[in-house]
Every structure is written in structure tokens, then in C-alpha cells.
Amino acid sequence: MSKVYETVIGLEVHVELASKTKIFCGCSTAFGGAPNSHTCPVCTGMPGSLPVLNKQVVEYAIAVGLATNCSITQYCKFDRKNYFYPDNPQNYQISQLYLPICRNGGVEIETAAGKKTVGIHEIHMEEDAGKLVHDEWEDCSIVDYNRSGVPLIEIVSEPDMRSAEEVIAYLEKLRLIIQYLGASDCKLNEGSMRADVNLSVREMGAPEFGTRTEMKNLNSFKAIARAIEGERTRQIELIEEGKKVIQETRRWDDNKEYSYAMRSKEDAQDYRYFPEPDLVPIVINDEWIAEIKARQPELRTEKLERYKKEFGLPDYDAEIITGHKKFADLFEATTEICKKPKKVSNWIMGEIIRLLKENEMDPEDIKFSPVNLAKVIELADSGAINSTVAKEVFEEVFKHDIDPDKYVEEKGLKTVNDAGELQAVVEQVIKDNPQSVEDYRNGKEKAIGFLVGQTMKAMKGKANPGMVNKILKELL
Amino acid sequence: MANIISDETIEYVGILAKLELNEEEKEQAKKDMGAMLDYIDKLNELDTTGVEPMSHVFPVTNVFREDVVTNGDGSEATLSNAPSMKDSGFKVPKTIG
Amino acid sequence: MRLMSLTAVELGKKIKAKEVTVTEAVTAALDAIEAKEKKVNSFVTVDREGALKRAEEVQKMIDDGTLTGPLAGVPVAIKDNMCTKDLLTTCSSKILYNFKPTYTAEAVENLEKAGAVIIGKTNMDEFAMGSTTETSAYGATKNPWNEAHVPGGSSGGSCAAVAAEECSYALGSDTGGSIRQPSSFCGVTGIKPTYGTVSRYGLIAYGSSLDQIGPIAKDVTDCATILEAIASYDKKDSTSIARDDLKFTDALVDDVKGLKIGIPRDYFGEGLDPEVKEAVLNAAKVLEEKGAVVEEFDLSLVEYAIPAYYVIACAEASSNLARFDGVKYGYRAKEYEGLHNMYKKTRSEGFGTEVKRRIMLGSFVLSSGYYDAYYLKALRTKALIKKAFDEAFAKYDVILGPAAPTTAPKLGESLSDPIKMYLGDIYTISVNLAGLPGISLPCGKDSNGLPIGLQLIGDCFKEKKIIRAAYAFEQTREYEHSPLA
Ligand SMILES: [Mg+2]
Ligand SMILES: [Zn+2]
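Protein chains in written order, with numbering that gives the first Met the number 0: chain A, 0 to 475; chain B, 0 to 96; chain C, 0 to 484.
Be a bit skeptical, because a hint or two may be false.
[Claimed, not checked] Computed beta-carbon distance windows for the label pairs: (1) D40(B) with E157(A): 38 to 44 Å; (2) G49(B) with F208(A): 44 to 50 Å; (3) D40(B) with S70(A): 51 to 57 Å; (4) D37(B) with E157(A): 52 to 58 Å.
[Stated by the list, open to error] With a cut-off of at most 25 Å between alpha-carbon atoms, the simulated PhoX-like pairs for lysine-lysine come out as follows: (5) K80(A) with K461(C); (6) K41(B) with K130(A); (7) K264(A) with K307(A); (8) K386(C) with K90(B); (9) K333(C) with K85(B); (10) K85(B) with K264(A); (11) K333(C) with K264(A); (12) K80(A) with K93(B); (13) K405(A) with K366(A); (14) K456(A) with K341(A); (15) K41(B) with K264(A); (16) K85(B) with K112(C); (17) K76(A) with K385(C); (18) K112(C) with K246(C); (19) K90(B) with K37(C); (20) K76(A) with K234(C); (21) K385(C) with K41(B); (22) K235(C) with K461(C); (23) K259(C) with K41(B); (24) K443(A) with K456(A); (25) K234(C) with K19(A); (26) K390(A) with K302(A); (27) K235(C) with K54(A); (28) K390(A) with K366(A); (29) K443(A) with K430(A).
No lab work stands behind these hints: they were computed from the structure. We put the CB at the ideal spot given by N, CA and C, even for glycine.
In isolation and in its complexed conformation, chain A is listed as follows (with noise of 0.2 Å):
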């Protein structure tokens, strides 16, 4: 009789703050840029080279800490991890392991389950590596620091998740509360969020943990839906054939779908943190608390309602444009252009979601400006252009983020209101096609249908399709 064996699952979840200078140095964070270009002394551990705090880093770290129901730390500072690597400049990772900034928090997610606490452990703010390019002709890897010193908070969570619907949940709550904050885009394809997953399987009902293992290199949610499924398998084959599952960190490989351990002699894993002389502690008084509290921006919940009061929008419609903050970006900066709440959240609800589906994109991936929406908005509700043209137009919206006024001009894709110049088409498509117009004549309604393609078709779509319909019902 084979055994039930229960899933148990802790994150820690990294996500890169939204800052625009690093969090020991004035260099920029904008992402990508000529390697080693976003450097200086600081982040590149020159000798003699010494960190000095930014602010703004620790105003977010609070903010992610308070809309998380952590407690913070009054008395914070930080530690150095020391490991050689060679993304890592000074061979120590300026992190916190004492005193970090929040603790003891948690969020509520939902699932087919039910709903649930996931506790937060902790929030520490550390910095981010460089990046290593394996160069496969020279066998080399090349570094290049840009990334190094870029703001990081590590959220610890409890051993709380059973399975990779509730990890995927949490990353989701976890995420639209970041970046409602404004603290993070929190693009796992760009690494701004990264998510290890700790994992042990235990008998069904068992007092004690398993043994757990860490797995990094997810850089997705179906990464990490996968790897929770194949570390689960892998631990629960180890446990049947009476074997031991170490405890080790590994380093998932989503091709393979198999993870690898990335224990070595040479990492002995040994930190010896010991508290940053180079720093000093930070103090975070009530005052502070409140005035983060109070410049907390709009969260979800309260967005949600006002949406429904403000502007009308239906149930299901406002939860989801409030379910992801790039769609309520969106909806609000061009709602504020075209004042057509209704008509904007229709778009996003269907053109939108349909081109991020069929492109395989997230909402974070969207380029286009409101104002070129709110545009395709405009032409198609002065009835300037047909709603066949306006998906056409918002197509290359949404691709190339064009100029909407331009391109129907540009293109002569304006509908033609024209009686006189649709009188000469249609009569061209009734002279073309005797025999839908003899089907017609003997009764068969649904011809005329046809003849009004025809006419729209020789109008490469531009002309206005009731204007059609009642130059042929009188010619006919």
C-alpha cells in the first residue's frame, strides 16, 4: 500500500527594489546598459571603497514590511555574508541576519482550498550580485557588476505551502502588493523577482519536518510549479528507497525539468556574518512608521471599490483590472484622457487580454501609452472608424505603440460617410453579383448580408456599414 505523503513548502522570495540609485552608491539601477557601464567604486568592492545606506531603500522595505502585517524592527542593522564568488566584488554580501527590518508578517491567499495565512518570517534588505555570461568557446565566464549593489529585500516565508497552486498564489499576492507600493516591477523574466523554493515531503500526518532542499534558478511561475512537482517526486523516490534526502541547495534546470545538487567542497556554506562596521544602525521611530503608513499609496482592496462606486465597472470586471497594477495603471491614466471609464475597461477586458494571451506576454510586458489608447478609443467611438478597423489600429497600438491619428490617416482607414462615393460601390457589387441580388428579389433576406461584405470588402473595410445596408436596401 503506497503512503500519502504531504508537500511542505517555505519561499524566499527576493525582489529587486524600484529605486533609481543602488543601495550603497550613486550608480543607477536601470536595467541592462554597456556591461560593467552602472558601476563605481563602491559596487565594484575596490579597496577603499565604503557603503553608505539609501534611504529610499529602507522607506520601501517598511512599506512592503507594514502592507504585509510584518512588526518592524526598530533597532535595525546590517551584517556581512561572507562567500568567494565572482559576482559577488567584495567576497561579502552586505545582508542582515540579526536584526532584519521586518518580522513576524503574513498575507491571506486564496486557492481552490480555501483560504489561508502564509506567515512571513522575515524582510531583509541586502544587496544584489553581478552578473556572470558563461562564455562557451573560451570555457570563461565573463562578469559584469551592473546589477551589483541593487537594492534587494528577501522575504522569508514560513513552511506554510502545501503545493504549487498555494506558492504560486502567494507569489501573486505577494507581487500585486509590491508593486501596488510602487516598490518593485517585480518581472521574474528580468529578475526583479526571484523565488527559492525550500521543500521537504513528509508522511501525511507526521509530526516533524522532512528534510528539506533549496532550489534556485526559477524564473518563472510555471518554473516553479514544475520544480515543486519534480523536487517532491525526487524527495518522496529517495524516502520509498529507504534512502536519506540531504539537506543542500540546487539548482533547478527547467529544460531537464530535473534539479541538480550545487554542493561542492569549496562552498562550505559556513557565512560567519558578523555585524557591517562600515554601516550604521538604523533607527525607525513611530513618526517614520506613520508617515510611510500615511504616503502608502492606493492598495488593492480599496482600488477595487472605488472602482465599482467611482466608475461603475461590474464585479468581475473590476477585479480584474485591480489583479494586476500595470491594467490599473492602465485603466486609470486612460480613463483621465478619454473620461470613457466603461469603454476603456471593455478594452482591456477583451482586446488586451486576448493580444497578452495570444503573445504569451504579462500585463507587465505592455508598452504601449494610454494616450494612444485612449486615441483608438476616440476614433472608434466618433464612429470615424469601424470597430473591424479599430482592433486593426490598436494591434499596431499594441505592438509598436503607433500614433492612432496617424496611422488611420496615413493609411486612409477613416470611414467613409460618403453616400455619393458608397452609392457607385454598391452599385459596382450589385452589377458583380446578379445572383445574390436575384436571391434577394426572391425573398431570401440573409443575401443582402453578403452583398454588404462584398461592398465593405471593396472598401477594404472603411466604409460605414449601415450606410452600406441602406444604399443597398433602396437600390435593391
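Please arrange chains B and C with the ligands on chain A, whose structure you already have, making use of the hints.
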């Protein structure tokens, strides 16, 4: 000598500190470290119960920078001392696989 | 005129009065170096070309009135652990044999703003780890009073260069006595300021919580003047302290009436050379005669300072020196297999014995299972030592004692027994643990003709009190030039 440093300890410290000692140096290091630890053990004579560890001498707190970009393209300076370089990056032995 | 036998302030006056040009002053220093370096080896790098070029620029700025300070045009030597843009900075280590910083340390930049001309970088114990300047990868520095003896360390090159009159003054750094002890061995004056007074930005760290840059010169007036120039609140150094009492030259007053001086009995016990003891107590008597109130007291905890220091300094050093790995700058081993082997070979070949010894000790005391027993214990001891000083300074303005238990030992005598060498820092180390200011100045010579140093320790931010006491004492004696001067 009260503190006997084993071969394993010296080996382990070598891994942590990324130092590789030859046999002779290892023996010397074992002796030196043992002697230093014996000497340091003198601290155990002191009763420090209830004493808060002091990492900073002065109670200075909250030294911050404003979030303003002050540095431009630093790649030339950053790379100017590189022992080995490729594609505007520091070249190192392969770190993966 | 022997320009290098003048104090920095005297030379500065002559330059200002147009009796001497900056080029003449700089040439005098370079000539002295040329003549004496073979004997004393106090420099790792001499920047002849740069100094001469800079001399002309400084002269122009003096002539057009942009530079008016007392140090304008005066040649200075900088300890080789302070970054100087485009000028080799080695920490006297092989691992930085080719390192040219891309920026200049804040303290050095402050000096440059005051019109200083840097003539070169001085020798030191490798990464400031040592008390003799024998651990330098570029050969030991010799004591200008007797070349068979060490100059002390780790700022031995700076102190020897001042004593040998190869420069007008120098900057040193002091983590456990590295300015005061070699000043005492070389018969010159040096100040270790209150922690946070001089920016550490650009000082290649040894023990971050202990390191301070300070002046080394012929007399107290020079030291006060130099300290005034280099001290500043620096936003780039989070441990820098904003002070509004940095006019140290105001304290150059020959008056100690009513000044309360405490002499810790613990500083005059076992291990102290009788000749040193006599000279130092004599200095106390001189100050008493000038009106100071001198009293003996028990400081306590003196013997715990060294073990606590070695735990803290080595732990910080093990982390601070991790960045020297052959990836970004400096030495990289020629042959290696893979990443970790590159690290190990680079560091094993690049660092000297003493540095490796301290890195290993530091790594060990921080390693899993030992942190509490060693590191936290040392930090608690530090707190107690600080408290002992607080209590002392509630009663006294200044603490007076020797800078070192002996005069300069012979070359080659110290390194074989590290603990014995460490014990030589017994009177200086606790000052760093407590963040206090201290000054060392000559107070006599032993029967071998080697200088003896007097140390005056002040409470935090009370440099002026020790400067005043030192200045008053100095007025009672003549500056003695070393035989090599
Ligand atoms: Mg971390
Ligand atoms: Zn930077």
C-alpha cells in the same frame, strides 16, 4: 597548549579563506593558531554576563544617502585594473557546469 | 639651507614668503630620497615626475592667491594603504603589486586641497599587519636612528621618512598603534585622532571599526596643522562624525595649569623597559612642574585589550581582504585549474605569512560554532574597556603613559614570536578599541641612543587636550634630528 588545531580545521579554514598552504606552512599555521587561541582564551577570565556586544563605539545612527543618481558610466575606471578581461567584463574561470 | 630639516609649518612659511619655491622644496625632498633610500627603504613608490609637475601647479596657485594655507607647497609622503588616483597603491603587498586606484582617498584629497605635493607612497607592514614594517613585500624599512633596528609599524615607512628627512611630513594609519608606536621608535610625533574624525574613504581597510588616518611630523604644531587639514565630515564614510571643533591649532598653547593627568599604574608594570619608564615618568614630572595635576590610578582590563583586538581586527580583516582574489585588480596566479584553485593560488602567492596568519585566525573566530565564544566575547570586552576609559576620563583630562614598552627592536628579532610582537602594542591597542585620540611624541632616548615615545590619550573628541599637553611638554625640549637626517 590548550587549543590543538587539527589538520581538518586548517583545511576547513583554508576553504573559508581561500588559502592553500603547503605541509610546512600548515604545521606552522596549526601551531600559530593554537597559540593565538590560547592567548585569546584569556578573555574567558572576564565575566561579561549582561554586557551588550559593542560593534560601534559611537551611538551614531541613520546615516543615509538620498536616492539620486550621481555616477555616470564607470566602466573604463572599473575595468582599468582588470587582470583578465573580455567583452567589457572581468574574465574568470568558468563558474558553472 | 637644509629645507628638509625644517618642520612642515616652517617650510610652508618660507614658501609663502617666497624665500623658497615649491619646486625647490620638492626637489630637496626628492634629492634626500635619492640619497637615503638605499639605507632606509621608507618608500614603495617615489613619484618624481608627478611631484615636480604638481609643484609648478601649486606654485602658480600660491602666486595667484588661491592657495594660502600653511601647508601649501610642502612635500608630503603618503602611507601606501591610502588610494591615490593613478599612483601605485600596494599596501606593501604582492597582491596589489600593480594596482593604480581610480580615485583618491578623502584625507589625501583634503591635503591636496591644502596645496600639498605628494612625493611618494611609504612602506608599511603588509596591509598594516605588523609592528615592525618587516612584513612588507618590498623589503623592510630601517630605523633612521640605527639601521640595524626596525622603525616600528605598521606606518614605519612614514615615520622613517619623516625622521630621515626625506619629506616634511607624512600620513599614517593607526589600527592598533600603527602611528604612535613607529613615531615613538623613530623619534617623531604622530596623532591617532578620534575614530570618525578623518574619513576612511580610500583607506584600504584592515580593521574597519578601528582604522584611523593621522599625521606624522617633527612636532606637535605640524601634527595639529595637518590634522586640521585632513579632518572632515565625509558623506562617503558612514562612520564619519560631523564635528565643529576641528580647529586643532587653537590648542597650541603652552599652558597645562590645572590639567588633570592620570597615569595608569597598569602601564608601568612587567615588560616595561626601565629606561622607557624613567623617561616617561620624567615627562609626567615636567608637566606637573608646569602646573598639571598628576595622579596615578588603576585603569584595569589592560591585559584584555590585545586578545580582544586580535579577534576583532582579524575577523574584520578576513572579510575586508576577501576582495583580493585576482578577479578585479592586482595579482592573479599564473597557473590554475578552475575558479577556486585560482582564488587559492592567487591569495596564497599574493599574501605574506603574517597576513595569512591573521586572515586564517579571523575566518576561524567567525566560523560556525565559534562566533559567540570569540567574536561576541571580544565585542563585550571592548564594551568593558570603553567603560573603563569613560570612568577614567570622568576624573582626568589626559592619560599619560609610554607609547611602547621598549625602544625599537633589532631587525629580524620580532617576527619569529608573533605573540611577543603583539604584546608590544599593549599601550596603544585599547585606544583603538575605545575610539579615543592618542598622540606619541619624543621624550628621550635610551642608552643605545634610540628614541623613546611618550603617549598622551584623550577622551573622545578631546584631541585639543592632548595637543595642548603635548605642546606644553614639547616646549621643554629641542627636536632631535636622527643621524640619517
Ligand atoms: Mg539573501
Ligand atoms: Zn556604484
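Checked hints:
1. Restraint check, D40(B) to E157(A): a C-beta distance of roughly 40 Å satisfies the suggested window 38 to 44 Å.
2. Taking the beta carbon of each, G49(B) and F208(A) are about 35 Å apart, not inside 44 to 50 Å as hinted.
3. Checked against the hint of 51 to 57 Å, the pair D40(B) and S70(A) fails, with Cβ atoms roughly 39 Å apart.
4. Between D37(B) and E157(A) the CB atoms are about 44 Å apart, so this pair departs from the stated range of 52 to 58 Å.
5. With a C-alpha separation of about 36 Å, the suggested pairing of K80(A) with K461(C) is violated against the 25 Å cut-off.
6. Taking the CA atoms of K41(B) and K130(A), the gap is about 45 Å. The hint is violated against a cut of 25 Å.
7. Pair hint K264(A) plus K307(A) does not hold up; C-alpha atoms about 59 Å apart against a cutoff of 25 Å.
8. In summary, the hint linking K386(C) to K90(B) is not supported, as the alpha carbons are separated by about 50 Å, beyond the 25 Å threshold.
9. Taking the CA atoms of K333(C) and K85(B), the gap is about 17 Å. The hint holds against a cut of 25 Å.
10. Of the supplied pair hints, the one linking K85(B) and K264(A) is violated, its CA atoms being roughly 29 Å apart against a limit of 25 Å.
11. Under the criterion of a C-alpha separation no larger than 25 Å, the hint pairing K333(C) with K264(A) is consistent with the structure, at around 23 Å.
12. A C-alpha spacing of about 23 Å is found between K80(A) and K93(B), which places the hinted pair at or below 25 Å, so the restraint holds.
13. Between the alpha carbons of K405(A) and K366(A) the distance comes to roughly 19 Å, so the proposed pair stays at or under 25 Å and holds.
14. Between the alpha carbons of K456(A) and K341(A) the distance comes to roughly 31 Å, so the proposed pair goes past 25 Å and is violated.
15. The straight-line distance between the Cα atoms of K41(B) and K264(A) is roughly 34 Å, outside the 25 Å bound, and the hint therefore fails.
16. The straight-line distance between the Cα atoms of K85(B) and K112(C) is roughly 38 Å, outside the 25 Å bound, and the hint therefore fails.
17. Straight-line distance between C-alpha atoms of K76(A) and K385(C) comes to about 21 Å, which keeps the hinted pair within the 25 Å bound.
18. At most 25 Å may separate the alpha-carbon atoms for a hinted pair to count; K112(C) and K246(C) meet this at roughly 17 Å.
19. Annotation: proposed proximity of K90(B) to K37(C) is violated, straight-line Cα distance about 40 Å (limit 25 Å).
20. Under the criterion of a C-alpha separation no larger than 25 Å, the hint pairing K76(A) with K234(C) is consistent with the structure, at around 19 Å.
21. Between the alpha carbons of K385(C) and K41(B) the distance comes to roughly 18 Å, so the proposed pair stays at or under 25 Å and holds.
22. A C-alpha spacing of about 24 Å is found between K235(C) and K461(C), which places the hinted pair at or below 25 Å, so the restraint holds.
23. Proposed proximity of K259(C) and K41(B) is contradicted: the alpha carbons are some 33 Å apart, above 25 Å.
24. About 21 Å separates the Cα atoms of K443(A) and K456(A), which keeps this hinted pair within 25 Å; it holds.
25. Only pairs whose Cα atoms come within 25 Å are accepted, and K234(C) paired with K19(A) is accepted, the gap being roughly 19 Å.
26. At most 25 Å may separate the alpha-carbon atoms for a hinted pair to count; K390(A) and K302(A) exceed this at roughly 28 Å.
27. The suggested pairing of K235(C) with K54(A) holds, with an alpha-carbon distance near 14 Å, which does not exceed 25 Å.
28. With a C-alpha separation of about 17 Å, the suggested pair K390(A) and K366(A) falls inside the 25 Å cut-off, and the hint holds.
29. For the hint pairing K443(A) with K430(A), the CA-to-CA distance comes to about 18 Å; that is within 25 Å, so the pair holds.
Violated hints, listed in ascending order, are 2, 3, 4, 5, 6, 7, 8, 10, 14, 15, 16, 19, 23 and 26; each of the other numbered hints is respected by the structure.
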